[in-house]
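Protein chains: 4
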Amino acid sequence: MSAHATLIALLHGPDQPGLVARVAGWIFERGGNILHADQHRDREAGIFFQRVEWEPAFAGPTMGEAAPRRPVDLLAAEKEFTEFARSSLGMQVRMLSSADRPKVAIFVSKADHCFHDLALRWKAGDFACDIVAVVGNHPDLAKAAEGYGLSFVHFPVTAETKGAVEAKQLALMRERGVELIVLARYMQVLSADFLEKFGAPVINIHHSFLPAFAGGRPYHQAHARGVKLIGATAHYATRDLDEGPIIHQDVARVTHRHGVEDLVRRGRDLEKSVLAQAVRWHLDGRVLVYGNKTVVFD
Amino acid sequence: MSAHATLIALLHGPDQPGLVARVAGWIFERGGNILHADQHRDREAGIFFQRVEWEPAFAGPTMGEAAPRRPVDLLAAEKEFTEFARSSLGMQVRMLSSADRPKVAIFVSKADHCFHDLALRWKAGDFACDIVAVVGNHPDLAKAAEGYGLSFVHFPVTAETKGAVEAKQLALMRERGVELIVLARYMQVLSADFLEKFGAPVINIHHSFLPAFAGGRPYHQAHARGVKLIGATAHYATRDLDEGPIIHQDVARVTHRHGVEDLVRRGRDLEKSVLAQAVRWHLDGRVLVYGNKTVVFD
Amino acid sequence: MSAHATLIALLHGPDQPGLVARVAGWIFERGGNILHADQHRDREAGIFFQRVEWEPAFAGPTMGEAAPRRPVDLLAAEKEFTEFARSSLGMQVRMLSSADRPKVAIFVSKADHCFHDLALRWKAGDFACDIVAVVGNHPDLAKAAEGYGLSFVHFPVTAETKGAVEAKQLALMRERGVELIVLARYMQVLSADFLEKFGAPVINIHHSFLPAFAGGRPYHQAHARGVKLIGATAHYATRDLDEGPIIHQDVARVTHRHGVEDLVRRGRDLEKSVLAQAVRWHLDGRVLVYGNKTVVFD
Amino acid sequence: MSAHATLIALLHGPDQPGLVARVAGWIFERGGNILHADQHRDREAGIFFQRVEWEPAFAGPTMGEAAPRRPVDLLAAEKEFTEFARSSLGMQVRMLSSADRPKVAIFVSKADHCFHDLALRWKAGDFACDIVAVVGNHPDLAKAAEGYGLSFVHFPVTAETKGAVEAKQLALMRERGVELIVLARYMQVLSADFLEKFGAPVINIHHSFLPAFAGGRPYHQAHARGVKLIGATAHYATRDLDEGPIIHQDVARVTHRHGVEDLVRRGRDLEKSVLAQAVRWHLDGRVLVYGNKTVVFD
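Residue numbers (our numbering), protein chains in the order written: chain A, 1 to 298; chain B, 1 to 298; chain C, 1 to 298; chain D, 1 to 298.
Hints may contain errors.
Which copy is meant is left open, because identical chains are indistinguishable; a pair holds if it fits in one copy or across any two.
[What the hints assert, rightly or not] Only pairs whose alpha carbons sit at most 30 Å apart, straight line, appear in this in silico DSSO-like list of lysine-lysine:
1) K103 x K293
2) K79 x K168
3) K143 x K79
4) K293 x K143
5) K197 x K168
6) K123 x K143
7) K79 x K162
8) K110 x K123
9) K110 x K79
10) K110 x K143
11) K293 x K79
12) K168 x K123
13) K143 x K103
14) K162 x K123
Rather than coming from a laboratory, the hints here were simulated on the basis of the structure. The model shown is predicted, which means the values in this text are computed figures rather than measured ones.
Excised from the complex, chain A in its bound form (with noise of 0.2 Å):
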């Protein structure tokens, strides 16, 4: 943690010589230090992807002026950095701060398991973000999400309103500013549209080792075809399902004695441990998404 507010940039583009001492004497000279700096390149595809984070330097304070020194607009610094790295560099590039707190919403359905593990992380200070709702297709978590001081919203699904229903979502997140929707377990598929015009990431965690057992029933897909590992997978959702970008997968160990609802009871702690993992990893910047894959610079 450093006592300053610090920028991050995740860039990537055509790998050409020089980019490490470009992007650091940039930072060099207008005073920033940086703090970390990691890069890959992937040599068969010719791209350079980085994560940079550094302290932007202090604006001294005016002569004459008895006021503490104080921070630069970090927005101005990440203008200025977005421009140098698209014009001078030709690299996509995404920013943020360690001052942000991005707003958050998280969906749910019945399964608590995932929604009480994100909630008790977020309490005990392990994400900064701003949980601003709580959206449930089902009431049974409601007491729970309001146990937390979290606002929860229920908004009941069927086949005919899900169009009607997807519209009222869309305009509660831009209400609220929501940046980032992690579904925690919502037994729900988001449309295409949807996810369009949310236009944000959206963050799904799948009860398989994708792409094994992409689908309905995972734990049977698994315990049909009798394998020894089962598996949890968070991604970025996507318009295809199951078939977006993934973050974060593990596994645990299964055996013959284990029916589906040991499956189950097991899947649980790899689902709730994946999703926050990858969910930290998001928030702090560390996940950068091109193509169908991620770089996640842990």
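Knowing the structure of chain A, use the given hints to seat chains B, C and D on it.
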């Protein structure tokens, strides 16, 4: 390790009360001593599974003989128990003995890591078997096999000659009394006809976490999908490629930094350990196949 | 899950031929049906260990009665088996039943992660027990406990008052019939005197991979030594701090990037899952203690 | 893999603003291209660590020459960078090149699993080094070494001859230019005097999860304590036995079913993979030692 030879029975069949007691009672009444007994009930399917290992009683020396005590005829005891399990308990049964040294053939192509691993473990005494043939469709591993004192047989295979070659391979298996074939990264698919005629188990190592990335070039598939874990799966070969009963699986973590070549290299360690563990469990009589699944009594 | 109540016996004692058969026979003769039986022989020590779970027979209705069939008195069956195991087999035995709901107290200090984890699993039905008291030496978790509908009792402890407080804690344990204490990051050492007088199991979670980093501030010790894995250990508390029989352990990978605070944060997940698993195994009658070790029939 | 030889620098020293930029700038100004740069700040200690790998510029052909372009003198570039890092940045620096083939000696006793594993990986091209000697205090592995085309040297050691033998070993190391010794289950402790005179790194594999079970017979210690995981630790040898900087560790799950012999057998797989990984990281210039810890840039 027992000082005396043991019998191992793998039983399965319709569940009914008293099975554990009846098996234990039968052995006890004949003076046997149970060393291990492990059972499992599949409640949904109503099937009972058991692995039981015991020391049969010793037949005492005939009066007046100076002969040392000798173990009872294991084959007779085996036959007797099998008859009991089938007729009285209605169970399917497979039996083996700690005195067995099953004859094993290893099939290889060019990759040598699984072959060396199996051969070294075998030399270290980890596998209770005799390796009576190393069969290669390429000659690359001939020298390595001979270095371990193993008989290497080269059977080049082309699309045209495949049927004829399989007939020759089958003849060799019969001639040498092979009871288990281990496909140690053998890059040919054994035909359904071969498997049926061979009539004994064939263990294969697939270099992915099945059912994900079945088929060819699994590391390329895994890299393209951007998964965060790669896997390996040891299974019994069946007529449906990559669909046979899974014996063992394991995974290793990978990141965006790993290109396909890195996945291949890291995967080698997984393939070695997963295949070796599956072969060991099989030889120790710990794997019971039913339907398309396995019960592993580890 | 059986529809009927089951009995579970944990046996250990000197090995002798026929033990499996005699136990199974005894149960079978009384009309019981064995659901699980798992045994282990320690060859070096010559000790036999067994966990056996069975459905005792139903007592039929008395002639002329219209009364429904009712389960045999479980206590009677328990007493009878215990007598058999001790007298006839020379075994030590501990018995429990699937009908039991043991009374559990959770001891806490300020850290809440293990407490929330246990409480949520308990609410989800993972633990077959009643949590009859949450005891804190600090008041911090009072509200959280009450949120789960649990009785919180605050016992401040100082070096001077420790003896007197333990006496009060003990009185509370007796008053509420507590059969298991779980130390969920309770930052006080229970005295040998308390443990002896309590006379029932106490499960503790130590935040290191014991025996490495016993004693205080294990994450600081781990960081100073530069280990590449951190661990957590659940064990029964004994008079020798951190020396009791180990029930469960797990580890997580760390790197030079993790400062002490990161180890603490990552360690929380380990502590939660390791403690919860140990408590579950204990409640399911899967843990047999002998000497300073455990046999876990998982 | 780069088509061209790269330079790798491992730097550490007092943290100061602009270090990343200054290193990157220095390389860029001389026409080099950074392939990887990974840095770490130890906030508490105020130390900066960096691994940077780059392709130095090519010296163009002299006018009129038909000679192909040739790489700049790597030694010169290395010297120049070292001078810069020390004088201008106040850093300690260790340099190597992808063109290096360091000379390695493997020390063995009777156990052969780590030796075979290293030799096979080396033959498969996993290690960029030349194995110039296999030194055994027993003759058991002579034939195995020769089978790989390696020079085996037998130095029997007794308590009385140890000093004299170490002198001979040292002479051999010098004669053959050994830059790294790998102790592949070598059952002798190298004296502080030997380590000092040798003056280059020595990697040892200890068959426990250090600091647990330091000293002799760790599997016996682990079995006696009843731990649920066994481990292996690769570390640099220092004058304090089992206290050197840890490079890599891993663990495997064990149960009450595993006797000491089973721990030994399962431990072999851990020892192999942990030692091989440590050697590989060392050879790739990924391990930076400071104090009694390592920073591993993996």
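Here is how each hint holds up against the structure:
1. In the homo-oligomer, the alpha carbons of K103 and K293 lie at most 30 Å apart inside one protomer (24 Å), although the nearest pairing across protomers, at 40 Å, exceeds that limit.
2. Taking the shortest Cα distances, K79 and K168 never come within 30 Å of each other, neither inside one copy (33 Å) nor across copies (64 Å).
3. With identical chains, the CA atoms of K143 and K79 are never at most 30 Å apart, being 42 Å at best within one copy and 46 Å at best between copies.
4. Taking the closest pair of Cα atoms, K293 and K143 never come within 30 Å of each other, the shortest separation being 37 Å inside a single copy and 43 Å across copies.
5. Within a single copy, K197 and K168 get their C-alpha atoms as close as 12 Å, which meets the 30 Å cut-off; across copies the closest is 62 Å, which misses it.
6. Taking CA atoms no more than 30 Å apart as the test, K123 paired with K143 passes in both settings, with 17 Å inside one copy and 14 Å between copies.
7. Taking the shortest Cα distances, K79 and K162 never come within 30 Å of each other, neither inside one copy (39 Å) nor across copies (60 Å).
8. Both within a single protomer and between protomers do K110 and K123 lie at most 30 Å apart by alpha-carbon distance, with minima of 21 Å and 14 Å respectively.
9. Taking identical chains as interchangeable, the C-alpha atoms of K110 and K79 are never at most 30 Å apart, the minima being 42 Å within one chain and 43 Å between chains.
10. In the homo-oligomer, the alpha carbons of K110 and K143 lie at most 30 Å apart both inside one protomer (12 Å) and across protomers (25 Å), since each shortest distance falls under that limit.
11. For the homomeric pair K293 and K79, the shortest alpha-carbon distance inside one copy (26 Å) is at most 30 Å, but the shortest distance between copies (41 Å) is not.
12. Only within a single protomer do K168 and K123 lie at most 30 Å apart by alpha-carbon distance; the minimum there is 28 Å, versus 33 Å between protomers.
13. Taking the closest pair of Cα atoms, K143 and K103 come within 30 Å of each other both inside a single copy (21 Å) and across two copies (27 Å).
14. When the C-alpha separation of K162 and K123 is checked against a cutoff of 30 Å, the pair qualifies neither within a copy, at 32 Å, nor between copies, at 32 Å.
Checked against the numbered hints listed earlier, the structure breaks hints 2, 3, 4, 7, 9, 14; every other hint is satisfied.
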